[in-house]
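Let the hints inform the model, and build the full structure from the sequences given.
Chains A and B, in that order, are what the protein sequence lines are.
For the first sequence, the residue numbers in my numbering are -16 to 303.
For the second sequence, the residue numbers in my numbering are 3 to 257.
A hint or two may mislead.
Stated by the list, open to error - Sample of chain A residues at the chain B side, in silico, Cβ under 8 Å:
(1) SER104
(2) ALA191
(3) SER193
(4) ALA245
To be verified - SDA-like mimics (lysine to any residue), calculated; alpha carbons at most 20 Å apart, straight line:
(5) LYS301/A x ALA41/A
(6) LYS301/A x ASP94/B
(7) LYS301/A x GLY65/B
(8) LYS301/A x ALA100/A
(9) LYS301/A x PRO138/B
(10) LYS301/A x GLU89/B
(11) LYS301/A x PHE215/A
(12) LYS301/A x LEU290/A
(13) LYS301/A x THR45/B
(14) LYS301/A x PRO147/A
(15) LYS301/A x GLY246/A
(16) LYS301/A x GLN137/B
(17) LYS301/A x ARG140/B
(18) LYS301/A x LEU244/A
(19) LYS301/A x ALA245/A
(20) LYS301/A x VAL9/A
(21) LYS301/A x LEU142/B
Bear in mind the hints are in silico, worked out from the structure with no lab data behind them.
A virtual CB, placed ideally from N, CA and C, is assigned to each residue, including glycine.
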Amino acid sequence: MRLSVPLVVLALVPLSLGTALYFGSVTIGADEWSRLLSDEADPAVREIVWGLRAPRAATAFACGGLLALAGALMQVLLRNPLADPYILGVSGGASVGALGAMLLGGSGWAVSGSAFAGAASAAAALLVFSLRLTGWQIHRVMLTGVALAAAFAAIVALMLTLAPAGQLHGMLFWLMGDLSAALHVWPAWLALIVALALSMALARRLDALSLGTLKAASLGVPVAATQTLAFFAATLATVAAVLSAGAIGFVGLVVPHLLRLAGVSAHRALLPLSVLAGGALLTFADTFARSAAAPLEFPVGAVTALLGVPVLLYLLAKTQ
Amino acid sequence: MSLAAHGIALRVPGRTLVEDLSFELAPGACAALLGRNGAGKSTLLHTLAGLRPCQAGRVTLDGEDVHRMRRTAAALRIGVLLQQEHESHWGDVAAYVALGRLPHEGNWPAAAPEATAGQVHDALEAMDLLDQAAQPYRTLSGGERQRARIAQLLVQDPQVLLLDEPLAHLDPRHQLLAMERFAALARAGRTVLMSLHEPLWASRYCDYALLLYDSAHFRHGPAVDVLTQAHLEALYGCRLAAVEALDRTLLFPSV
Chain A
-16 MRLSVPLVVL ALVPLSLGTA LYFGSVTIGA DEWSRLLSDE ADPAVREIVW
34 GLRAPRAATA FACGGLLALA GALMQVLLRN PLADPYILGV SGGASVGALG
84 AMLLGGSGWA VSGSAFAGAA SAAAALLVFS LRLTGWQIHR VMLTGVALAA
134 AFAAIVALML TLAPAGQLHG MLFWLMGDLS AALHVWPAWL ALIVALALSM
184 ALARRLDALS LGTLKAASLG VPVAATQTLA FFAATLATVA AVLSAGAIGF
234 VGLVVPHLLR LAGVSAHRAL LPLSVLAGGA LLTFADTFAR SAAAPLEFPV
284 GAVTALLGVP VLLYLLAKTQ
Chain B
3 MSLAAHGIAL RVPGRTLVED LSFELAPGAC AALLGRNGAG KSTLLHTLAG
53 LRPCQAGRVT LDGEDVHRMR RTAAALRIGV LLQQEHESHW GDVAAYVALG
103 RLPHEGNWPA AAPEATAGQV HDALEAMDLL DQAAQPYRTL SGGERQRARI
153 AQLLVQDPQV LLLDEPLAHL DPRHQLLAME RFAALARAGR TVLMSLHEPL
203 WASRYCDYAL LLYDSAHFRH GPAVDVLTQA HLEALYGCRL AAVEALDRTL
253 LFPSV
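Structure representation (structure tokens):
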């Protein structure tokens, strides 16, 4: 790993957060910024910067970090470079829960609680179908997860057809990822700290696990326990991100890959750098989504996908 | 350490590979495992390493059941060269080889990275890979990867080495380099068991041989008694020509 990679990632963090504070539907002048720092600012400006933009940027950063972390874990767990946080249908379960609550007229915490219940049920179903005493059979996990994801996608399609026109807009925004509805900053950050700490404790074992379960076992890794803990960390991260911001695509797929291609391979470096780079990427994307055509807001998931697809195609063309 | 099988049976769905196999390999043993494709050589090696359960009997290392050991404790004493692994290592060759220290270091390596670097350097040198140390592992050729795997096993530094076709993909010079290294480890008191497809390497370097026949039969004993023309012709089901060279009889497939 070249030293410049961590330096670039570290530089992106304050840059992304600064951009998120600076840009928005209201333009704040230079003199207003200096007054803001010396605490003599217009209360309305202070509210815009610290009350609206700062918490939203903090949530975006945490969600981006969670998604990139979950993606990096899923890719090593399933030994599939195209795995992303949503591949196993856990987020599909959350979508069904959230949309179901919206159909019944719920909002706010009711939607979040219902989404959480949906995600937890999906994770439980996955474990019941694929966990064996001898460890995980990766192809079973994959097939079960893909089947669950397909079933949830079908249920979501049914719900969208049945939904009254007035609710469709909110549902579509939830499905594509939307940071404006995040209720609190702290759940995402709490989940990020727990999931990162847990996966860092597994980092060296994950290096061995990427060579296959038999190889990892021959190097002394307790395979089933490591897989289960890594799956738990990835699920926690995915669910926390989806509950805060909906299903935002491509961050989890692209960020760990970009870092690997830049020469970061050991999970001890890959996991924290994924968190920082994913956080910065989603913060940039969300700032663009809410300020490019302000006061109109784009769904941030569409922005990350539009950024992510060219990057992915470039990577595919570059790596043979 | 001495590795022993006590009446083990190996079964895969629909077939019995081995029934009631017992043998013991003392420290210093350099043993060959020969058999046709699909006879169960890899399965036997995985079972001896404790990576796979046996369907009857037990495997012990100095009297301790390997299937009851904690994985880390087992990996400190038994090293396995697998025939296949997932080729998804993104780091360079030195980082790949350093993974062999995992059972010794745990998640957070001890405060002596120089010691690990020294061991990695020595292993790379032993396997003639110093020039490739900083190269991405993915860019290695098949034979270079095989040498990197052997180097990783040298860094793991186990008392018992179970090698599954260690000479696969290697060119003649590196076949010789690898066999000399395994023989030296055995002379230093390690226990070595390797599956081989070339009887001439087995007769040149191994003092003990285990033949796995189809239909769950086996034969084992001192290499000079086991690696005879008659036994090997029956094992492989083909004729072998005997050539006198290097002070011994070497056997080659013949029509």
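LYS301/A paired with PHE215/A [C-alpha distance capped at 20 Å]: Roughly 33 Å separates the two Cα atoms, so the pair is violated.
Pair hint outcome, LYS301/A versus GLY65/B [Cα-Cα no greater than 20 Å]: violated (54 Å)
Holds or violated: LYS301/A to GLN137/B, with C-alpha atoms at most 20 Å apart: holds (18 Å)
20 Å limit on alpha-carbon distance, applied to hinted pair LYS301/A and PRO147/A: violated (46 Å)
Pair hint LYS301/A and LEU142/B, alpha-carbon separation not exceeding 20 Å: Holds, because 18 Å separates the two Cα atoms, which is no more than 20 Å.
Holds or violated: LYS301/A to ALA41/A, with C-alpha atoms at most 20 Å apart: violated (34 Å)
Satisfaction of the SER104/A interface hint, Cβ to chain B closer than 8 Å: violated (31 Å)
Pair hint LYS301/A and ARG140/B, alpha-carbon separation not exceeding 20 Å: holds (15 Å)
Hint validity - ALA245/A Cβ closer than 8 Å to any chain B Cβ: violated (10 Å)
Hint validity - ALA191/A Cβ closer than 8 Å to any chain B Cβ: Since chain B brings a Cβ to about 6 Å from ALA191/A, closer than 8 Å, the hint holds.
Hinted pair LYS301/A and LEU290/A, Cα distance within 20 Å: Holds: LYS301/A and LEU290/A sit about 17 Å apart, inside 20 Å.
Given pair status - ALA100/A, LYS301/A, alpha carbons within 20 Å: Violated, because 41 Å separates the two Cα atoms, which is more than 20 Å.
The structure is inconsistent with the numbered hints 1, 4, 5, 7, 8, 11, 13, 14, 20, although it conforms to all the rest.
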